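Chemist: Protein chains in written order, with this note's numbering: chain A, 1 to 115; chain B, 1 to 113.
Fair warning: there could be bad hints in the mix.
[Said to hold, decoys possible] What the simulated footprint calls covered on chain B by chain A, stretch by stretch (three residues with Cβ under 8 Å from a Cβ of chain A suffice, anywhere in the stretch; the number is not a length): (1) 41-54; (2) 102-108.
[What the hints assert, rightly or not] Result set (SDA-like, lysine to any residue): computed pairs, CA atoms no more than 20 Å apart in a straight line: (3) B:LYS11 with B:PHE65; (4) A:LYS114 with A:GLN83; (5) A:LYS78 with A:ASP31; (6) B:LYS14 with B:GLU68; (7) B:LYS11 with A:ARG43; (8) B:LYS57 with A:SER96; (9) B:LYS57 with A:THR3; (10) B:LYS11 with A:PHE68; (11) A:LYS78 with A:GLU10; (12) A:LYS73 with A:ALA107; (13) A:LYS55 with A:LYS78; (14) B:LYS57 with A:ARG104; (15) A:LYS70 with A:THR5; (16) B:LYS11 with B:ASP24; (17) B:LYS14 with B:GLN84; (18) A:LYS114 with A:LEU84; (19) A:LYS55 with B:GLU83; (20) A:LYS70 with A:ALA53; (21) B:LYS57 with A:ARG43; (22) A:LYS70 with B:LYS14; (23) A:LYS114 with A:GLY97; (24) A:LYS78 with A:GLY97; (25) A:LYS78 with A:GLY98; (26) A:LYS73 with A:ASP31; (27) B:LYS11 with B:THR111; (28) B:LYS57 with A:GLY98; (29) A:LYS73 with A:GLU15; (30) B:LYS14 with B:LYS57; (31) B:LYS71 with B:GLY40; (32) B:LYS11 with A:SER42; (33) B:LYS57 with B:GLY72; (34) A:LYS78 with A:GLN51; (35) B:LYS57 with B:GLU78; (36) B:LYS57 with A:GLY97; (37) B:LYS57 with A:GLN2; (38) B:LYS57 with B:ALA67; (39) B:LYS11 with A:GLN44; (40) B:LYS11 with B:GLY72.
By construction, these hints were calculated from the structure, which means they are not laboratory data.
Please read all numbers here as calculations on a predicted model, not as lab measurements.
Backbone N, C-alpha and C fix where the C-beta goes; we use that ideal spot for every residue, glycine too.
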Amino acid sequence: AQTVTQSQPEMSVQEAETVTLSCTYDTSESDYYLFWYKQPPSRQMILVIRQEAYKQQNATENRFSVNFQKAAKSFSLKISDSQLGDAAMYFCAYRSGGDNNDMRFGAGTRLTVKP
Amino acid sequence: DTGVSQNPRHKITKRGQNVTFRCDPISEHNRLYWYRQTLGQGPEFLTYFQNEAQLEKSRLLSDRFSAERPKGSFSTLEIQRTEQGDSAMYLCASSLVTPGGYTFGSGTRLTVV
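Bound conformation, chain A alone (with noise of 0.2 Å):
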């Protein structure tokens, strides 16, 4: 089964600095794709950024991109010149190529933007 790991429970980052948010994924297949999604306090989740495994090209969302690694697993989210509106949980989330396809998610990381 595939698994998700966001391995910092917290993060902070000053006002118009640069935060890197860490994830890691575990799956045996070649098709999927990877999310990164924001929930800020009390609202409802919103899509970030997306990337599919089998572009190499990182994506990027205006001041959100992401550091795409498929052969170490691995899918960071960098926010650039950070604001005080960005701060939230957010998840990284997985979800398989196939026909059948949750998306499995991270347990999510707490970012404080400091003004």
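Starting from the known structure of chain A, arrange chain B on it as the hints suggest.
Modeler: This is chain B only, laid out in the frame that chain A set:
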């Protein structure tokens, strides 16, 4: 379309009572998922539907839990004889068949007292 809608937002119930939650997915999404999230943890998969067919159920989904998606539209999740350990946020999400991100609802927070 206003996204994935879940009702109620909060539910407090006494141990042993039955509760039912509703999820209305994005209309063009044919897949619907239920997850459970306890405090400080990531969402745990419970079950999912493609149209009206329930395709997979987690071992977390004991026989006290049942989910339906009549006519492939909205879905309900029922918990019978609730226990304190059932207290959690129950999240619903929907997606298209082709792999991609899910759209989540705001969740139903269940407290069993």
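Chemist: Could you run down the list of hints and mark each one as holding or not?
Modeler: Here is how each hint holds up against the structure:
Counting residues of the segment 41-54 of chain B whose beta carbon lies closer than 8 Å to any beta carbon of chain A gives 6, which reaches the threshold of three, so the coverage claim holds. With a cut-off of 8 Å between beta carbons, the segment 102-108 of chain B has 6 residues touching chain A; three or more are needed, and the interface restraint holds. The suggested pairing of LYS11 (chain B) with PHE65 (chain B) holds, with an alpha-carbon distance near 16 Å, which does not exceed 20 Å. At most 20 Å may separate the alpha-carbon atoms for a hinted pair to count; LYS114 (chain A) and GLN83 (chain A) meet this at roughly 9 Å.
Of the pairs offered as hints, the one joining LYS78 (chain A) and ASP31 (chain A) is violated, with about 24 Å between alpha carbons and a cut-off of 20 Å exceeded. This hinted pair does not check out: LYS14 (chain B) and GLU68 (chain B) have alpha carbons roughly 23 Å apart, beyond 20 Å. The hinted pair formed by LYS11 (chain B) and ARG43 (chain A) meets the criterion: a straight-line CA distance of about 17 Å does not exceed 20 Å. Our distance criterion of 20 Å between C-alpha atoms is met by LYS57 (chain B) and SER96 (chain A), whose separation comes to about 16 Å.
Taken as a hint, the LYS57 (chain B) and THR3 (chain A) pair is honoured in the structure, with Cα atoms around 17 Å apart against an allowance of 20 Å. Restraint check: the Cα-Cα separation between LYS11 (chain B) and PHE68 (chain A) comes to about 40 Å, which exceeds 20 Å; the hinted pair is violated. For the hint pairing LYS78 (chain A) with GLU10 (chain A), the CA-to-CA distance comes to about 15 Å; that is within 20 Å, so the pair holds. With a C-alpha separation of about 17 Å, the suggested pair LYS73 (chain A) and ALA107 (chain A) falls inside the 20 Å cut-off, and the hint holds.
With a C-alpha separation of about 18 Å, the suggested pair LYS55 (chain A) and LYS78 (chain A) falls inside the 20 Å cut-off, and the hint holds. Note on LYS57 (chain B) and ARG104 (chain A): the hinted pairing holds, with a Cα-Cα distance of about 14 Å set against a maximum of 20 Å. As the CA atoms of LYS70 (chain A) and THR5 (chain A) are separated by approximately 15 Å, the hinted pair is consistent with the 20 Å bound. At most 20 Å may separate the alpha-carbon atoms for a hinted pair to count; LYS11 (chain B) and ASP24 (chain B) meet this at roughly 17 Å.
For the given pair, LYS14 (chain B) sits about 9 Å from GLN84 (chain B) by alpha-carbon distance, which is consistent with the 20 Å threshold. At most 20 Å may separate the alpha-carbon atoms for a hinted pair to count; LYS114 (chain A) and LEU84 (chain A) meet this at roughly 7 Å. Restraint check for LYS55 (chain A) and GLU83 (chain B): not satisfied, since their Cα atoms lie roughly 45 Å apart, outside the 20 Å limit. Proposed proximity of LYS70 (chain A) and ALA53 (chain A) is supported: the alpha carbons are some 7 Å apart, at most 20 Å.
As the CA atoms of LYS57 (chain B) and ARG43 (chain A) are separated by approximately 26 Å, the hinted pair breaks the 20 Å bound. The hinted pair formed by LYS70 (chain A) and LYS14 (chain B) fails the criterion: a straight-line CA distance of about 48 Å is larger than 20 Å. Distance hint between LYS114 (chain A) and GLY97 (chain A) is unfulfilled; the C-alpha atoms sit about 38 Å from each other, more than 20 Å. Only pairs whose Cα atoms come within 20 Å are accepted, and LYS78 (chain A) paired with GLY97 (chain A) is rejected, the gap being roughly 24 Å.
Between LYS78 (chain A) and GLY98 (chain A) the CA atoms are separated by roughly 28 Å; this puts the pair beyond 20 Å, and the hint is violated. About 13 Å separates the Cα atoms of LYS73 (chain A) and ASP31 (chain A), which keeps this hinted pair within 20 Å; it holds. Taken as a hint, the LYS11 (chain B) and THR111 (chain B) pair is honoured in the structure, with Cα atoms around 6 Å apart against an allowance of 20 Å. The straight-line distance between the Cα atoms of LYS57 (chain B) and GLY98 (chain A) is roughly 17 Å, inside the 20 Å bound, and the hint therefore holds.
Between LYS73 (chain A) and GLU15 (chain A) the CA atoms are separated by roughly 30 Å; this puts the pair beyond 20 Å, and the hint is violated. Between LYS14 (chain B) and LYS57 (chain B) the CA atoms are separated by roughly 26 Å; this puts the pair beyond 20 Å, and the hint is violated. Only pairs whose Cα atoms come within 20 Å are accepted, and LYS71 (chain B) paired with GLY40 (chain B) is rejected, the gap being roughly 35 Å. A hinted pair counts as satisfied when its Cα atoms are at most 20 Å apart, and LYS11 (chain B) with SER42 (chain A) qualifies at roughly 15 Å.
Restraint check for LYS57 (chain B) and GLY72 (chain B): the C-alpha separation of about 17 Å stays at or below 20 Å, so the hint holds. A threshold of 20 Å between alpha carbons decides the hint, and for LYS78 (chain A) with GLN51 (chain A) the separation of about 14 Å falls inside it, so the pair holds. Between the alpha carbons of LYS57 (chain B) and GLU78 (chain B) the distance comes to roughly 14 Å, so the proposed pair stays at or under 20 Å and holds. Between LYS57 (chain B) and GLY97 (chain A) the CA atoms are separated by roughly 18 Å; this keeps the pair inside 20 Å, and the hint holds.
Proposed proximity of LYS57 (chain B) and GLN2 (chain A) is supported: the alpha carbons are some 16 Å apart, at most 20 Å. Between LYS57 (chain B) and ALA67 (chain B) the CA atoms are separated by roughly 10 Å; this keeps the pair inside 20 Å, and the hint holds. With a C-alpha separation of about 17 Å, the suggested pairing of LYS11 (chain B) with GLN44 (chain A) holds against the 20 Å cut-off. Pair hint LYS11 (chain B) plus GLY72 (chain B) does not hold up; C-alpha atoms about 25 Å apart against a cutoff of 20 Å.
When held up to the earlier numbered hints, the structure conflicts with 5, 6, 10, 19, 21, 22, 23, 24, 25, 29, 30, 31, 40 and fits the remainder.
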